[in-house]
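The hints should help you fit chain F onto chain E, whose structure is shown.
Read off the chains here:
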Amino acid sequence: MNKLQIFTNGLVKENPVLRLVLGTCPTLAVTTMAFNGLGMGIAATFVLFCSNIAISLLRNVIPDKVRLPAYITVIATFVSIVQMLVKAYVPALDKALGVFLPLIVVNCIILGRAEMFASKNKPLDSALDGLGMGLGFALTLVLMGSIREILGSGTWFGMTVIPESIDRFTFMTTPAGGFFTFGILMALVIYIENKTGNTKKRSIGCEGCPSRNVCGVKGGCE
Amino acid sequence: MAAKLAAIFFTMILVDNYVLVKFLGICPFLGVSKKLNSAFGMSCAVIFVMTLATAVTWPIQNFLLTPTDADGNLKWDLGYLQTIVFILVIAVLVQLVEIIMKKYMPPLHKALGVYLPLITTNCAVLGVTVLNIDNGYTFVESIVCALGAGFGFMLAMVIFSGVRKRLEDAQPPKCFEGLPITLVAASATALSFGGFGGLIENIFGTM
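From first to last, the protein sequence lines are chains E and F. According to my numbering, the first sequence is numbered sequentially starting from 1. According to my numbering, the second sequence is numbered sequentially starting from 223.
Chain E on its own, in the form it takes in the complex (with noise of 0.2 Å):
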């Protein structure tokens, strides 16, 4: 794989959301602006890009038994870093995101990359990945808070989109609307990878997660 394989893969071909259905959780809470959704992706991005660095430089340091806490340790340094980062610049996404924010470092996403990716490759491929695959994910919270806030509250961006005399369609911008965006959203990609014949399958679980190694329900998750 040259260098622009490596940093377009997590845009499109192995999107983490819609494709490794990585990282669902804040896909569907922060989602209801696409503000809200841009903020998260770049959070996400810087921590995913910083922590690939690092753990791409200690990959031969750190010892295989204890990879895991050493992955948490370095990812949550960079989480902290965020945290007080969007706290004094961007007081309102810091409201916005709440606790989705410390909990970046739990985002299935950055420790599958670390484990999959970092963890057997030099620093500047493991840079290029960190930041297709934080940009990968950062669109499809745009296109996702796009999609829920244009429907659900007739804004984009915070701007009026759609005129106040039309009804908004509220229900997409309450959880059981980020589940059926999430739905629709997923079957349009498959229905497009079933006319293109460029299918994957999905599954909740094993192939991302980072604990894989040590679970005891192997395949439970299929």
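Accuracy of the hints is not assured; some may be wrong.
Claimed, not checked - List time: in silico BS3-like cross-link candidates among lysine-lysine, alpha-carbon distance up to 27 Å:
(1) F:226 with E:95
(2) E:120 with E:3
(3) E:200 with F:332
(4) E:13 with E:200
(5) E:201 with F:256
(6) F:256 with F:396
(7) F:332 with F:396
(8) E:65 with F:297
(9) E:201 with F:396
(10) E:122 with E:65
(11) F:257 with E:201
(12) F:396 with E:13
Stated by the list, open to error - Not the full set, but computed from the structure, chain F residues with beta-carbon under 10 Å of chain E:
(13) 342
(14) 414
(15) 416
No lab work stands behind these hints: they were computed from the structure. Cβ coordinates follow ideal geometry from the N, Cα and C atoms, glycine included.
Relative to chain E, chain F alone:
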């Protein structure tokens, strides 16, 4: 006091359900809910770990990271370490529980132990510990809140495993097969929990 605790407990189960309303712990909700047995086992392990994690992280936050003196002033502020400390404590705790269980309670380990490693990186567990601090709950309130969150998780898991049983016989369009139809079903389940809004205020009064 008792009314407030009961209000917290039932709010966590019905109104602020962790899975269906707050979107915490979606992975096990979609992943392990296929069979009722594993859904139940996973939920028991989650209830146990959530309560234990809260019992350990609350004192850490209030006596080590941000302790206050008698007048309520901060003695020192290490609050920025919260994320790192909490996730490491939870990870160590889960490992420790698994080792102890394996040695002294083999039957319990057989039933719950397999789910424990999965729970280390479960956002619902870290989420409940952080939210308890954010809400400024006392120790007892935190424990009740964690218990409620755990039982809410169990309720959602058990209901949803029933829904999925029905889904197995359904024949959706090809592109909806598998995960998409599961998500749409989850949407319908979440919608039913929307009906509980306002229930707690009417029973226990506004807090």
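Hint by hint, here is what the structure shows:
| no. | hint | in the structure |
| --- | --- | --- |
| 1 | F:226 with E:95 | 26 Å, holds |
| 2 | E:120 with E:3 | 15 Å, holds |
| 3 | E:200 with F:332 | 34 Å, violated |
| 4 | E:13 with E:200 | 10 Å, holds |
| 5 | E:201 with F:256 | 17 Å, holds |
| 6 | F:256 with F:396 | 20 Å, holds |
| 7 | F:332 with F:396 | 38 Å, violated |
| 8 | E:65 with F:297 | 38 Å, violated |
| 9 | E:201 with F:396 | 13 Å, holds |
| 10 | E:122 with E:65 | 21 Å, holds |
| 11 | F:257 with E:201 | 20 Å, holds |
| 12 | F:396 with E:13 | 21 Å, holds |
| 13 | 342 | 7 Å, holds |
| 14 | 414 | 9 Å, holds |
| 15 | 416 | 6 Å, holds |
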